[in-house]
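Enquirer: The lines below spell out each chain.
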Amino acid sequence: MKKSTSPMKSSNKACIFKWKAALLLIITFSVLQSCDEDIPSIKSLPILAPTKVDETAGNWKTVLSINASSISLPTAEAISSAAYQAELAELVSLSNNRTANQTSTANYWAAGAVVRWNEIARALVAKYNIAPVVGAPANPNKPFSNPPFAARAYALLSVAQYDALVTSWKFKYQINRPAPASTNASIKLLTPETTLPSFPSEHAVVAEASRKVLEFLFPAEKEYLQKLANENRDSRKWAGANTQSDLDAGTSLGSQVATLAINRAKTDRMSQAGSQTTFIDYFNIARIAESDRWISLELPYRPPMLPLYGKVKTWYDSLSAFAALPPAPPALTSVEFKNALQEVRKIADERTREQWRIADFWADGAGTYTPPGHWNLIAQELIIESKWSEVRSARGFSLMNRAVMDAGILCWYSKYQYYLPRPSQLDPAIKTATGIPNFPSYTSGHASFSGAAATLLAYLFPTQANRLLNQADEAAMSRLYGGIHYRFDNDRGKECGAKIGQLAVAWAQADGAN
Amino acid sequence: MQFKITIGFILMVVLSAQGQGMIDGFMRGRGNLTTALSYSTESYDTYYVKDSAVNNLNLGTITTKSVNLFAAFGATKYLDVVVGLPFVSANASQGYWSTQSALQDFSIYLKGRVYEKDFGALGKLSAIAAAGYIMPASNYVPDAPVAIGHRSKNLEGRLLVQYRLPFGLFVMTQGGYIQRGNITIDRGYEVSVPDAWDYVVRVGGSYKILYADAWLNIQRARSGTNIGAGVPFPTNAVSYQRAGFTLYSSVPPIKNIGVSAGMSFTLSGENIGKATRISIGIVYNVPVIKDKNN
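Residue numbers (our numbering), protein chains in the order written: chain S, 27 to 540; chain W, 684 to 977.
Calculated directly from the structure, the hints in this document are not laboratory data. Glycine included, every Cβ here is placed at the ideal spot set by N, Cα and C. Some clues are possibly wrong.
[As the list claims (entries may be wrong)] Per the computed footprint, the stretches of chain S lying under chain W, defined by three or more beta-carbons under 8 Å from a beta-carbon of chain W, are:
1) 321-328
2) 372-381
[As the list claims (entries may be wrong)] Only pairs whose alpha carbons sit at most 25 Å apart, straight line, appear in this in silico DMTMM-like list of lysine to aspartate or glutamate:
3) Lys-372/S x Asp-826/W
4) Lys-733/W x Asp-64/S
5) Lys-69/S x Glu-873/W
6) Lys-153/S x Asp-881/W
7) Lys-153/S x Asp-801/W
8) Lys-168/S x Asp-734/W
Please work from the sequences and hints to get the whole structure.
Expert: Here it is, written out as structure tokens:
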């Protein structure tokens with residue numbers, strides 16, 4: 027190797043130059059590597075500065091008919107008391123010595139407790155939205171957060187938040203303790219000044235109500251949720267917004283209301299929704315010719331999802347809700363049905379890239395926050411834009427999520443009542459742009475959820491009504507584009523959802539918040 | 684001289700057809716243009732979720748077929764330009780996922796010989812550096828269980844050392860880094876496609892009109908997620924060890940045309956199909972300018 031031959035010597039100069047090129051390449055490597063393409067896992071949101079404090083919200087109608095006199099809170103010490111003065115002194119010290127971490131945590135939660143806990147719930151739903159192995163025994167620590175489960179989770183969470191906040195508003199204006207910074211000017215406030223009384227802390231109310239409800243739904247997340255709730259409360263002291271006794275009272279109130287919400291959940295018949303034996307008789311599946319019945323298209327065969335979810339307790343009046351039950355679908359032998367099936371086939375055969383995009387955009391399948399989660403994201407953006415108070419934000423979510431769940435209940439009832447095959451079961455040449463959900467076709471869950479959510483949101487945000495209703499139309503159509511639903515599944519689902527949405531609108535018109 | 688050109692244009696077609704990057708250890712020579720057309724079929728019924736092998740009866744066997752167009756041009760004695768464009772179609776034998784077919788990624792590389800030392804009868808050592816840019820050639824779907832690619836824009840850097848022994852034998856080793864940009868998926872948000880390190884070792888040689896080689900390719904994702912419950916995703920950390928071989932023969936009496944065949948096997952991997960691949964190709968060498976100094 028040491029021997030150098032003459033041709034080499036003659037090109038020595040060129041060699042040196044080219045080594046520079048190599049060096050340049052190595053530098054390029056390191057630049058490539060250091061390129062920062064990180065996508066932040068925490069979304070930065072503006073600090074909530076509500077345009078209205080909603081001082082009369084204590085009189086708004088609660089969902090669980092909370093009786094404030096049955097809620098016990100610790101005594102609020104007088105402002106002049108030594109105990110409270112010591113709490114204020116603690117805030118002066120904490121808020122003037124915020125570390126960078128504390129500032130960033132305080133900023134995170136200052137976007138709004140309701141909004142942040144809604145985000146946390148969506149992330150948990152996505153984490154648990156994984157179908158269990160076929161035949162595996164149910165594991166209460168690993169719930170399958172499929173769309174019906176998720177609809178109920180979001181509803182329970184936002185009902186607990188809303189009822190707890192309404193109750194806290196009642197106490198806030200009864201006790202009337204001013205915000206700490208109004209009493210002590212040395213507190214370095216991170217959040218905007220407010221006239222909202224601070225006892226009990228609305229953040230602590232939401233933190234504890236949310237923690238308890240989410241722990242009920244996702245028991246294995248107990249420690250994670252406790253950590254978040256602690257952080258949420260601490261953030262309020264770092265922000266200079268609440269004293270320890272404000273937070274303790276909020277925690278107590280949130281806990282008591284969450285217990286009421288969880289008690290309702292324990293008796294809403296969800297625990298029987300997965301029964302794979304009784305639904306056959308309940309819906310008299312035997313009356314349908316075997317060739318016309320839905321079958322699972324999964325291998326191995328998977329029992330259908332939550333066949334008795336249609337019997338779960340509704341949030342809005344159940345008689346009014348069930349008046350919206352979809353009519354029977356066209357008979358499989360009818361021309362109408364054959365045309366509908368042919369339409370799915372045609373779209374599947376000629377699917378455009380844009381149709382695929384729409385199918386994918388609204389699919390919200392395995393591993394995601396589900397379609398109800400998608401509507402929570404849409405609602406969240408509108409709520410943030412509108413700068414609503416915490417209690418009004420919770421009201422919006424609660425109105426919507428109750429409607430979304432009820433629409434899901436009716437949709438599920440219809441799915442098992444009619445047990446209609448998916449398009450690909452009847453025509454295996456229909457290829458899809460999204461996974462085929464493992465339950466009957468009629469009506470579309472996406473269309474039902476979306477019809478309900480958009481109708482209610484269009485009422486709450488009238489300037490956005492057109493856009494919201496178009497979004498619901500697109501979400502419904504996405505299932506036809508995907509090749510997994512007939513057009514009538516979407517149309518009837520959306521109509522049913524819209525009727526449930528109207529029940530929510532009627533509730534909103536009478537809850538005292540307008 | 685004939686040896687150099689022959690091996691050069693063989694390698695280009697089989698390299699890309701087998702998905703191990705487009706850079707070989709031979710320069711085209713100034714003015715020489717090599718074009719190639721190849722066809723590959725790759726299939727798997729087993730894939731790795733992280734590193735455990737699983738089957739999915741709802742997908743069955745996934746088969747990917749591709750037609751690949753390549754060209755390499757010797758701009759100077761030291762600099763080649765290499766381009767490639769495949770059309771890819773992926774299909775699942777079971778279940779109902781739609782087949783995906785589209786132009787996949789256009790790639791362009793600048794490849795420069797940065798060092799060469801001739802040991803006379805003992806052989807010749809050379810080093811080559813290459814930089815590539817890869818961009819999607821269509822708006823294909825990157826996040827379905829049956830997908831044809833990641834649709835990311837990539838920057839790639841490679842450094843390659845080759846030692847050519849007498850009697851037409853050679854040993855080549857290369858290392859590269861692939862920086863993959865974020866993509867916006869149909870769901871409406873941006874996700875990060877993991878970067879990767881890539882290494883290739885190849886030994887081969889030629890005798891008269893025949894050529895053969897064997898290679899090992901290792902790719903290691905630098906970060907990323909694991910496949911979640913049967914849902915592959917562009918953020919997955921894809922790593923693998925593949926091995927393969929290549930055979931080539933020119934077609935006398937037309938010395939500028941050759942045919943190649945190759946196979947590759949996935950030995951192990953993470954978040955990728957355990958695929959076997961077969962490729963065939965036809966190579967045409969277009970001498971545009973004859974460089975007597977080459």
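Enquirer: Going straight from one Cα to the other, do Lys-153/S and Asp-801/W come out at no more than 25 Å?
Expert: violated, 59 Å
Enquirer: Within 25 Å, alpha carbon to alpha carbon, are Lys-733/W and Asp-64/S?
Expert: Judged against 25 Å, a Cα distance of about 22 Å means the pair holds.
Enquirer: Would the pair Lys-153/S and Asp-881/W pass a check requiring their Cα atoms to be no farther apart than 25 Å?
Expert: violated, 32 Å
Enquirer: Go check the region 321-328 of chain S versus chain W for me, would you? Three or more residues, Cβ under 8 Å, otherwise it fails.
Expert: It holds, with 4 qualifying residues against the three required.
Enquirer: Next pair to validate is Lys-168/S with Asp-734/W; report whether the Cα-Cα distance is within 25 Å.
Expert: Given that 25 Å is the threshold and the Cα spacing comes to 23 Å, the pair holds.
Enquirer: Holds or violated: Lys-372/S with Asp-826/W, Cα cutoff 25 Å?
Expert: Holds. Lys-372/S to Asp-826/W sits at ~24 Å (cutoff 25 Å).
Enquirer: Are 3 or more residues of the region 372-381 of chain S near chain W, judged by a Cβ distance of less than 8 Å?
Expert: n = 3 at 8 Å, threshold three: holds.
Enquirer: Against the 25 Å threshold, does the CA-CA distance of Lys-69/S and Glu-873/W hold or violate the hint?
Expert: OK: Lys-69/S and Glu-873/W at ~13 Å, within 25 Å.
The structure fails hints 6, 7 (numbered hints given earlier, in ascending order).
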